[in-house]
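Each chain, written out:
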Amino acid sequence: MPESAATPLSAEYLNMLGCVRCGQCLTACPTFVLTREEAEGPRGRIALARGLAEGTLTLSPDLARHEWTCLVCDACTAACPAGVQMDPLQVSLRATVAAPETLRARFYRWFGLRVILGAMWRLRIVVTLLWIARGLSVDTFARRSGLARLLGLERAMDLVPTSLSDDHLHADGTAHPPVPEVSAPTRVQFFAGCLMSTALAGIDRASIRVLQRAGCAVEVTRGQGCCGALHAHAGDLDAARARFKATIAAFAGSADFVVVNSPGCGAMLRDYAHHLAGDPDWAERARAFSARVVDFTQFMAPRHLRMTRRLDLTVTYQDACHLAHAQRITAEPRRLLRSIPGLALREMAESTLCCGSAGFYNLTHPETATALRERKLDRAASTNAEVIVTTNPGCLLHLQAGLTARGSTTRVRHIAEILDEATAP
Amino acid sequence: MIASAASLAADLRALLTASKVIDNPVELATYAYDASFFTQIHPHPPEVAVIAGSREDVSALARFAHARGIPVTPRGAASGQAAGSVAVQGGIVLSLHAMDRILEIDRANLQAIVEPGVVHARLNETLGRERLIFPPDLGSTRMATVGGMASTNAHGMRAVKYGPTGSWVLGLEVVLADGTVIETGSIGSRAKQSSSGLDLTKAFVGSEGTLGIFTRLRLKVMPLPPARALVLGLFDRLESAGESVQAVFAAGITPSAIEIVDQRCIQAINLYRPALRLPEAEALLLFEVDGAPAGARWEAEKIAETIRSRATRTEWSDEPGRMAALWEGRSVVGAAIGLLRPGANRAYCGEDICVPVARIPETLREIQRISAEFTIPIATYGHIGNGNLHPGHLIDARDPSEVARVQKVADAIHDLALRMGGTTTGEHGVGAVRRPFMEREHGAALGAMRAIKRALDPRGILNPGKIFADDPGDEQGDSWRQARGPG
Chain A
1 MPESAATPLS
11 AEYLNMLGCV
21 RCGQCLTACP
31 TFVLTREEAE
41 GPRGRIALAR
51 GLAEGTLTLS
61 PDLARHEWTC
71 LVCDACTAAC
81 PAGVQMDPLQ
91 VSLRATVAAP
101 ETLRARFYRW
111 FGLRVILGAM
121 WRLRIVVTLL
131 WIARGLSVDT
141 FARRSGLARL
151 LGLERAMDLV
161 PTSLSDDHLH
171 ADGTAHPPVP
181 EVSAPTRVQF
191 FAGCLMSTAL
201 AGIDRASIRV
211 LQRAGCAVEV
221 TRGQGCCGAL
231 HAHAGDLDAA
241 RARFKATIAA
251 FAGSADFVVV
261 NSPGCGAMLR
271 DYAHHLAGDP
281 DWAERARAFS
291 ARVVDFTQFM
301 APRHLRMTRR
311 LDLTVTYQDA
321 CHLAHAQRIT
331 AEPRRLLRSI
341 PGLALREMAE
351 STLCCGSAGF
361 YNLTHPETAT
371 ALRERKLDRA
381 ASTNAEVIVT
391 TNPGCLLHLQ
401 AGLTARGSTT
411 RVRHIAEILD
421 EATAP
Chain B
1 MIASAASLAA
11 DLRALLTASK
21 VIDNPVELAT
31 YAYDASFFTQ
41 IHPHPPEVAV
51 IAGSREDVSA
61 LARFAHARGI
71 PVTPRGAASG
81 QAAGSVAVQG
91 GIVLSLHAMD
101 RILEIDRANL
111 QAIVEPGVVH
121 ARLNETLGRE
131 RLIFPPDLGS
141 TRMATVGGMA
151 STNAHGMRAV
161 KYGPTGSWVL
171 GLEVVLADGT
181 VIETGSIGSR
191 AKQSSSGLDL
201 TKAFVGSEGT
211 LGIFTRLRLK
221 VMPLPPARAL
231 VLGLFDRLES
241 AGESVQAVFA
251 AGITPSAIEI
261 VDQRCIQAIN
271 LYRPALRLPE
281 AEALLLFEVD
291 GAPAGARWEA
301 EKIAETIRSR
311 ATRTEWSDEP
321 GRMAALWEGR
331 SVVGAAIGLL
341 RPGANRAYCG
351 EDICVPVARI
361 PETLREIQRI
371 SAEFTIPIAT
381 YGHIGNGNLH
391 PGHLIDARDP
401 SEVARVQKVA
411 DAIHDLALRM
421 GGTTTGEHGV
431 GAVRRPFMER
441 EHGAALGAMR
451 AIKRALDPRG
461 ILNPGKIFAD
471 DPGDEQGDSW
481 RQARGPG
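Chains as they are written, first to last, in the numbering used here: chain A, 1 to 425; chain B, 1 to 487.
Note that these hints are calculated values from the structure, not bench results. Beta carbons: idealized from backbone N, C-alpha and C, even for Gly. Careful: at least some of the hints might be erroneous.
[Said to hold, decoys possible] A few chain B residues that don't get close to chain A, going by computed Cβ distances all over 12 Å:
id, residue
1, 137
2, 178
3, 456
[Stated by the list, open to error] Derived DEER-like restraints, expressed as beta-carbon distance ranges:
id, chain 1, residue 1, chain 2, residue 2, range
4, A, 424, B, 273, 39 to 49 Å
5, A, 256, B, 279, 31 to 41 Å
6, A, 386, B, 110, 32 to 42 Å
7, B, 106, A, 61, 42 to 52 Å
8, A, 180, B, 222, 31 to 41 Å
9, A, 104, B, 24, 49 to 59 Å
10, B, 341, A, 62, 49 to 59 Å
11, B, 339, A, 278, 45 to 55 Å
With these hints in hand, go ahead and build the complete structure from the sequences.
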């Protein structure tokens, strides 16, 4: 590789060379499946990144566009026999290419990532304002008056959950003792997440209750905030690294596990070790932190959980990409669901194909996101399930918005809510 | 008058109704390669790429290109390792990946009618729901398209019992170079065999897109065997492994697959899956048998008994969980061999030789000699039942000396295959990279091949630069580029 081409990409050059172009990733990739264009598949995107790194291609809006159309679902990484890690490769590529969107999209990106997600109190204010607006029917007014469309917020408003929580979970170090009391509880630090602790705080509370019932002492660790995944996938590597370090510092406790119920965050928390490997001050701390991170379903699956209620429910399970692909966890959530008396799990086709949510993707690429969502909802509908169970807040909001638009009575629920119901005293 | 790339794309957009035309240089850069090492170091972007949407468009495109002498290179998943689907002389790359409908599964007549872009795994998943199977079974099942399999006459692991893809293709709908659409195996036929006329199906299978473009395939399928069983054997001498394969055939058994992995592969598997704890050995063999449950069990026991005296360890099972465990070493070997040398990657060249089964041990020892001579680590595995070996070379692509040496390794391995009385390609095809060996491999028969090529494609527009080494008719593409001039 020419030395003059030193960019954030150079750190990933060996990773790129790992692609032997066998093509095994193609049929796993949502954008390739939809378009059949090589530049819209992982092999093509790696070729473009390599072209940039080697200087045979130059930065151009066309090249950037093919990177930004990627959902970063990591299905390609899971399919790759040569061990290429797409997520870090793309984080570095996105930090290199210019954001291709409109000025308005750039403003929202800056405002959303740097301002709102920069501190949890700001996010809580925004969610509270949304809650008040909903109470005063401001959203209905904004829609009817055309104001929502004018501000480009229509799609974002679709994603606001119908049962918006106003009872946010504050990461203030509160300890939740095990129920029933056990002599040697497993000590757990809980990663509360940004959306999960605010708009969807009910899911966080359900997760904590389930952990308590499994004999865990749960600490909602003080000082935590956003994990930085959205920043990294938006190409804002500086802000992302700041989030990584802040999170590691906050979780500097001695608990064996950091449990996370949002796989999008969990995958990034586990990737901190990779992203900070070149930083001598943080590499070892990042490695130790990432090794403690465990997904809620992976943590719960081997533990004893007494089912107290029968749930006569037919469900289908939607694999969140960052659980199934990035963390290779597919069996555990299914095992947990099957352990609930009365519950029938019916598998849908293509359960591991991305639903189109993918962080901000459903706002920046509505056409692709909607095509993937409709495909997913069709597959789910053919199982006749009453509930689509998933594990990620993004999937949950995106799919629910699609079901609402369809006028469907099917609901989407997080697996922690289902487990909470089945184990309630 | 030959048009520029931009006007070529514009003409094609006006002409084609169901296809996508790509002429953006960034996007064309992603059509410059397949899995071959050759295209890693010599990428060949086309002038235009077309994602075909219908047979009518393929025919119209061929007619258009034929009239203007523009090269057309058909492509499936571009997962080949011989640059067969890369436009080495420029022109149009024609992707058939989106033509992927399974048009009909004719259960009564044990046939399936499919479009060329159907991925092999999806075909067998669909057939499996009806307890049917398309037996050719590739390691590349998740990416290979059925059209690509027929174009290269792909063999795969079960060829030892079921033969190559060609044995399961009953008929083809082919767009010829001038756009004429023909059907081989007789129009509308559902017959499972035929002695009517020349067997054109056989001629087109394995022609790598040089004689015509497949737009539909009529495939023979069979009932899914009700049972399978697996036998694993480890050998401290390569010769014992070779003798064991012959002894199994001599015992009257034709396994559905016989796979070998060599010593380096065993070391790699142990690095990749330490829990498997395979003992140090020169070779590991896997025999798969299929059929009725009692028959499969009997054959597996018989194989185990036959090889026991030569092997250091033998085990067989017909229990799915155990079979998966026994098969695991073989299934991860492709990914595992990268671990033999951290920082190095596979270079697909000289990767597909086939030699007489009896000469496998000798060939494997020679490959290790070549490895030592050029100081390039090689881990070899393959389908020993048919003598097909896949040497995996591990190089650091950042080192120019290794890049140069691995190409010499490829030449040496191709030369070795011919010296052993074999062929330079068992199943991946000739493409652009094995063209120099065709004269030596086929002698006067290459002239007959060229005559067929000229008869069907007189202007040499279909996949030029492949198979037919130094054929004057092959220069068409180059002259097209020269006439077009820069830009």
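Going through the hints against the structure:
Look at residue 137 of chain B: its CB is around 16 Å from the nearest CB on chain A, clear of 12 Å, so calling it non-interface holds up. Here residue 178 of chain B stays apart from chain A, with its beta-carbon at least about 26 Å from theirs, past the 12 Å limit. Non-interface call for residue 456 of chain B relative to chain A: holds, since the shortest CB-CB distance, roughly 28 Å, exceeds 12 Å. Residue 424 of chain A and residue 273 of chain B have their C-beta atoms about 42 Å apart, which keeps the hinted 39 to 49 Å range intact.
A hinted range of 31 to 41 Å holds for the C-beta pair residue 256 of chain A and residue 279 of chain B, which are about 36 Å apart. For the pair residue 386 of chain A and residue 110 of chain B, the supplied restraint of 32 to 42 Å holds, since their beta-carbon distance comes to about 40 Å. Separation of residue 106 of chain B from residue 61 of chain A is about 49 Å and conforms to the stated range, judged on CB atoms against 42 to 52 Å. For residue 180 of chain A paired with residue 222 of chain B, a C-beta distance near 59 Å fails the hint of 31 to 41 Å.
Judged by the Cβ atoms, the range 49 to 59 Å given for residue 104 of chain A and residue 24 of chain B is violated: they are separated by roughly 26 Å. Distance hint check: the CB atoms of residue 341 of chain B and residue 62 of chain A are about 36 Å apart, inconsistent with the given range 49 to 59 Å. Distance hint check: the CB atoms of residue 339 of chain B and residue 278 of chain A are about 23 Å apart, inconsistent with the given range 45 to 55 Å.
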